Amino acid sequence: MHPIEILRFNTCGSVDDGKSTLIGRLLYDSKNLMEDQIEALERSADITGGGQINLANLTDGLRAEREQGITIDVAYRYFATPRRKFIVADTPGHVQYTRNMVTGASTANLSVVLVDARQGVIEQTRRHSYLAALLGIPHVVFAVNKMDLVDWKEERFLEIRDAIEGFLPKLGVLKDVKFIPISALNGDNVVEASPHSPWYQGPALLGHLETVHIASDWDLTTFRMPVQWVNRPNNPKDHSLHDFRGFSGQISRGLVQVGWQVMVLPAGIKTTVKQIWTYDGLVAEAFAPQSVTLCLEHDIDVSRGDMIVDLENLPGMSSELRAHVCWMNQRPLQRGKKYFLKHTSQTVQAVITSLDSRTNIQTFEPEPEPSELTINGIGEIHLRTSKPLIYDSYATNRLTGSFILIEQGTNQTVGAGMLFPPKEPVRPEYQDFAI
Amino acid sequence: MSSYHLDHLQYLETESIHIMREVAAEFERPTLLFSGGKDSICLLRLAEKAFRPSDIPMPFLNVDTGHHFPELNEFRDRRAAELGGKLIVRTVEGAIASGIAVPTPGEVSRNRLQIPTLLAAMEEFQFDCAIGGARRDEEKARAKERFFSFRDAFGQWDPKNQRPEIWNLYNARVNPGEHMRVFPLSNWTETDIWEYIKQERLEVPSIYFSHRRKAVRRSGQWLPVTEILPPKEKEDVRDLIVRVRTIGDIISTGLVESPANTVDDIIAEIAAARVTERGSRADDKASEAAMEDRKKQGYF
Numbered sequence: 090m091h092p093i094e095i096l097r098f099n100t101c102g103s104v105d106d107g108k109s110t111l112i113g114r115l116l117y118d119s120k121n122l123m124e125d126q127i128e129a130l131e132r133s134a135d136i137t138g139g140g141q142i143n144l145a146n147l148t149d150g151l152r153a154e155r156e157q158g159i160t161i162d163v164a165y166r167y168f169a170t171p172r173r174k175f176i177v178a179d180t181p182g183h184v185q186y187t188r189n190m191v192t193g194a195s196t197a198n199l200s201v202v203l204v205d206a207r208q209g210v211i212e213q214t215r216r217h218s219y220l221a222a223l224l225g226i227p228h229v230v231f232a233v234n235k236m237d238l239v240d241w242k243e244e245r246f247l248e249i250r251d252a253i254e255g256f257l258p259k260l261g262v263l264k265d266v267k268f269i270p271i272s273a274l275n276g277d278n279v280v281e282a283s284p285h286s287p288w289y290q291g292p293a294l295l296g297h298l299e300t301v302h303i304a305s306d307w308d309l310t311t312f313r314m315p316v317q318w319v320n321r322p323n324n325p326k327d328h329s330l331h332d333f334r335g336f337s338g339q340i341s342r343g344l345v346q347v348g349w350q351v352m353v354l355p356a357g358i359k360t361t362v363k364q365i366w367t368y369d370g371l372v373a374e375a376f377a378p379q380s381v382t383l384c385l386e387h388d389i390d391v392s393r394g395d396m397i398v399d400l401e402n403l404p405g406m407s408s409e410l411r412a413h414v415c416w417m418n419q420r421p422l423q424r425g426k427k428y429f430l431k432h433t434s435q436t437v438q439a440v441i442t443s444l445d446s447r448t449n450i451q452t453f454e455p456e457p458e459p460s461e462l463t464i465n466g467i468g469e470i471h472l473r474t475s476k477p478l479i480y481d482s483y484a485t486n487r488l489t490g491s492f493i494l495i496e497q498g499t500n501q502t503v504g505a506g507m508l509f510p511p512k513e514p515v516r517p518e519y520q521d522f523a524i
Numbered sequence: 184m185s186s187y188h189l190d191h192l193q194y195l196e197t198e199s200i201h202i203m204r205e206v207a208a209e210f211e212r213p214t215l216l217f218s219g220g221k222d223s224i225c226l227l228r229l230a231e232k233a234f235r236p237s238d239i240p241m242p243f244l245n246v247d248t249g250h251h252f253p254e255l256n257e258f259r260d261r262r263a264a265e266l267g268g269k270l271i272v273r274t275v276e277g278a279i280a281s282g283i284a285v286p287t288p289g290e291v292s293r294n295r296l297q298i299p300t301l302l303a304a305m306e307e308f309q310f311d312c313a314i315g316g317a318r319r320d321e322e323k324a325r326a327k328e329r330f331f332s333f334r335d336a337f338g339q340w341d342p343k344n345q346r347p348e349i350w351n352l353y354n355a356r357v358n359p360g361e362h363m364r365v366f367p368l369s370n371w372t373e374t375d376i377w378e379y380i381k382q383e384r385l386e387v388p389s390i391y392f393s394h395r396r397k398a399v400r401r402s403g404q405w406l407p408v409t410e411i412l413p414p415k416e417k418e419d420v421r422d423l424i425v426r427v428r429t430i431g432d433i434i435s436t437g438l439v440e441s442p443a444n445t446v447d448d449i450i451a452e453i454a455a456a457r458v459t460e461r462g463s464r465a466d467d468k469a470s471e472a473a474m475e476d477r478k479k480q481g482y483f
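Residue numbers (my numbering), protein chains in the order written: chain C, 90 to 524; chain L, 184 to 483.
If you're looking for bench data, these hints aren't it; they were derived computationally from the structure. Hints are supplied without guarantee of correctness; some may be wrong.
Said to hold, decoys possible - Covered, in the sense of this in silico footprint (three residues per stretch, anywhere, with C-beta under 8 angstroms from a C-beta of chain C), are these stretches of chain L: (1) 189-198; (2) 361-374.
Stated by the list, open to error - The calculated DSS-like cross-link candidates involving lysine-lysine, where the alpha carbons are at most 27 angstroms apart (straight line), are: (3) C:Lys120 to L:Lys381; (4) C:Lys326 to L:Lys232; (5) C:Lys363 to L:Lys232; (6) C:Lys359 to C:Lys326; (7) C:Lys326 to L:Lys269.
These figures come from a predicted structure and were not determined experimentally. Beta carbons are placed, not taken as given, at the ideal position from N, Cα and C, and that holds for glycine.
Let the hints inform the model, and build the full structure from the sequences given.
Shown next as structure tokens:
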């Protein structure tokens, strides 16, 4: 039996595009719904829906959502087919909840962007496409929904596809894009191919989700491991562990082997990997995204927030940074104000020194020197941190190129940042520490 | 296919280990909620994976409602001792005696009374974080939980005002008196849990496997016969071969008629199941929003 992979995807679209209905349909038609869930749907259909089962009620978990018929927060769903397991983030399309799409999409391998066939491309479609590109989601599917309401006309589908393909090049980095005509309500092209679209030769949505190639989404070059926790047993009964000193973390990119030379940053000290320790025993090599504990040849001072990297392709190190930021709080971004900034496994203080531009969602052009950046706005900023960050560009590494901003006092997460490429790789002072 | 690839359990495991280590590094006084149930058994194995060869750097906490299955408490105490961990138990009985928890007249269920008992224990030990075994696939309100779920000074959850959680960057900051609930198993399903128990050869309490028990028919389910709520004269009482699928209090945990004797049997049974895990929990059926209401007040 081959191992089963997990595919993480999110659904996005504007209000009433049928996101929750689509997820309900995927669960229902792939037989991942249970009798008590169907019974609960029928109970609420009798009370509020005039007897009509509403598949959206499966994901709209909070009372206010059921009453208002909208999804107000990211809901996660799980289902499996014999080929894959799926983690679905149902992200709301309501304009003031764009921050939730960023949340749901930040961990996704794939985004499903819903487009209402009657309305075609609207501002939300452009915004969601832009965000998918900005967040570096490797695979995107445009599901043109409610095809039944436009009589399954191929021309309408092609018109929408052309409109989207017209603006995609401006987004730059979307590599793998698919268009699928569906009716989530009736189940056409969701799990089974629809008899209404003989002109469409591609896979149904589920078939695509089961087969899209995701193995290469993790890169095995350019090793990076932020140190999360220093592992030093306190009075171990096992005497061989008296001098044990390991550095625990999750590998965010690449591969490492016992015997390889690595560098510890920010100290800039070269050393060799002596052991790779796991609960299940020592291993000869480890790779992203495994969680391991590294023991190093030299007894050097390493703490949380440091990064262990390979000697090729060193990351950048700077306290003067440039980034895209998505703003997520009612209080607008404030220049000159101190925020906490969490990046990999360390938290430092940061000041936004300039707000350089704000992205226009219609044109994808940056508008220079905006007066402010409010909730759901995306802009380019310069910032200065209290301690240099060891980082890569977001485009090359989602985990060492991203940060969050936290407001001091309220502790709210107010912004999500994606770093620009460093100007130059770090030039450590102690290049020749290890002989 | 390259061998540098994680299957679903390896993927879920590394995500959970990362979260466990974030908790150990970011909080001053974390605790791990350990009931002896299948989910918290997996949590303990993940804690071992995250922290060995060091000790697990946090005590275990359990709220004993006084209505636990005796098999569960026996297992809980034994497993905590095996791991060399410190187990703190606070009882609803004790909270009632000290006036922290006040039952309404005629209230038999201890479900609601767990909440003040837990919050008082958090305060007593000044815990700023509690790791729990809740999973998003269990229930609709839980599907909206974050990994790091903020609780205010009253222990309340505000689902409309949750901190956005982006990439693997968890905002762990709390002010004094506030705390965080952290759910490393958020992305695991019931099937994943049993497959992990199998892979890791984890022991689980005997009541998860098929056994003979006296059961009484109430609200469409078979419940264990207990002295707390003894069967009334007209109630249907039978001797059945059953197991539990999810463990709550003994008076509200539905029994599933089942011959499943091994973990493999259980995995096969879940694969064929036509009702969800919590379909056997009377406490969740009280109303459509039952779990949401309890969670807002500070339930796990």
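Going down the list of hints, with the structure as the test:
{"no.": "1", "hint": "189-198", "in the structure": "holds (count 9)"}
{"no.": "2", "hint": "361-374", "in the structure": "holds (count 4)"}
{"no.": "3", "hint": "C:Lys120 to L:Lys381", "in the structure": "25 angstroms, holds"}
{"no.": "4", "hint": "C:Lys326 to L:Lys232", "in the structure": "18 angstroms, holds"}
{"no.": "5", "hint": "C:Lys363 to L:Lys232", "in the structure": "20 angstroms, holds"}
{"no.": "6", "hint": "C:Lys359 to C:Lys326", "in the structure": "32 angstroms, violated"}
{"no.": "7", "hint": "C:Lys326 to L:Lys269", "in the structure": "17 angstroms, holds"}
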